[in-house]
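Chemist: Keeping their order, the protein sequence lines are chains H and B. Residue 2 in the numbering used here is what sits at position 2 of the first sequence, and the numbering runs on without skipping anything. Quick note, the numbering used here runs 1000 ahead of the 1-based positions in the second sequence.
FYI, nobody ran anything at the bench for these hints, they're computed from the structure. Where hints are given, some of them may not hold.
[To be verified] Below 30 Å or equal to it, Euclidean Cα-Cα: the simulated DSSO-like pairs (lysine-lysine) are:
no., chain 1, residue 1, chain 2, residue 2
1, H, Lys99, B, Lys1071
2, H, Lys49, B, Lys1057
3, B, Lys1003, H, Lys107
4, B, Lys1055, H, Lys49
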Amino acid sequence: AQSVTQLDSQVPVFEEAPVELRCNYSSSVSVYLFWYVQYPNQGLQLLLKYLSGSTLVESINGFEAEFNKSQTSFHLRKPSVHISDTAEYFCAVSSNFNKFYFGSGTKLNVKP
Amino acid sequence: DVKVTQSSRYLVKRTGEKVFLECVQDMDHENMFWYRQDPGLGLRLIYFSYDVKMKEKGDIPEGYSVSREKKERFSLILESASTNQTSMYLCASSFSDRGAEAFFGQGTRLTVV
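Chain B extracted, bound-state conformation (with noise of 0.2 Å):
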């Protein structure tokens, strides 16, 4: 089974805190993703790596930003953290072929208070 795992479910932090959330998937693939969920809102892409050390801005990169310094591994972080990034974190992976699904981790819910 493809595992995509998220090193917290549940974090609390405080404004200004640099926060780091961390992902990890044991299949090999070539992309990896961040997404941040809200009601009503849906997925809302934050970054999008392709390789190692590569990555893409997504529709809501403010505030953000990632690193892959390993295939398996992307992480994003909050380099200050501010309660509108209180929120739902969701991390997936895919291969690079056309039409490959993702997969998802559990997530990673972050109050800032």
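Next comes chain H alone, as it looks inside the complex (with noise of 0.2 Å):
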């Protein structure tokens, strides 16, 4: 059985701020990990995956993963954060089933 824990509901951050999202994940297959992003009212978006390689994956708008197998985590980052990334963020893993499993969510409320 697969499950991820997002510890944080919410994260209250100021602009320019860094932040990160904390993920935790339990499997015992390998796994493939995801961060979505959902806006007001709108589905899911793909932010950035990890499927193998690099351990460390980028997003276009600024975003970064780690994948660290040894502490079941994919942690996301940002360095400087923007208004308009005030969303929630879901933490996803899914199997060689194809199947996705998703966290809690956390809600990032940037702050001017």
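Join the two chains into one complex using the hints; note that each chain is given alone, in its own frame.
Modeler: Printed below as a string of structure tokens:
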């Protein structure tokens, strides 16, 4: 069985400050890891994903996540956030059968 | 662009009604999913389909059924709607390749009164 834990339900941060959203997973098999973002009243959009290779993956809008196998973590970071980053962020895992399991989400609230 | 389209953004139904939520994808994806999203609980998998007429139960299938008669269409059915099924419902689809990402629809906010 797979499960995903997002430790922080809400993260308030000031604009231009760094942020880290935490994600831990449990799985007995190899997994693929994803971060999705959900803006208000919208569906989920893929932010970035880890399949294999380099443990650091980046998105086009400045987010990055690092796969840490020993700590079973896939934390999301951004060195300087913008107001427009305000959204809910979901960590997800899938395995060979491509069922996706999601965490409970972290609401990022960027304040001016 | 991949498109996953859910037939309604908002629905209000009465307790005991049979409710159909429709989802169509245009990317020839093998896999389709129905999730339920509730505050603080994230997304929970209701049903998963990996091929036409094939389905698997997810984590919370009770009170729901699904239908996939065509590859592009995946329907979620609430046999007898109840107030505890008031929620946001999200449809998604993906290729069957390992590590393929899921693409989501805009969601249907269902209120059962």
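Chemist: Against each hint, give a clear statement of whether it holds in the structure.
Modeler: Against the structure, the hints come out as follows:
1. H:Lys99 to B:Lys1071: holds (17 Å)
2. H:Lys49 to B:Lys1057: Distance ~25 Å between H:Lys49 and B:Lys1057 Cα, so the pair holds.
3. B:Lys1003 to H:Lys107: holds (26 Å)
4. B:Lys1055 to H:Lys49: holds (26 Å)
The earlier numbered hints are all upheld by this structure, with none contradicted.
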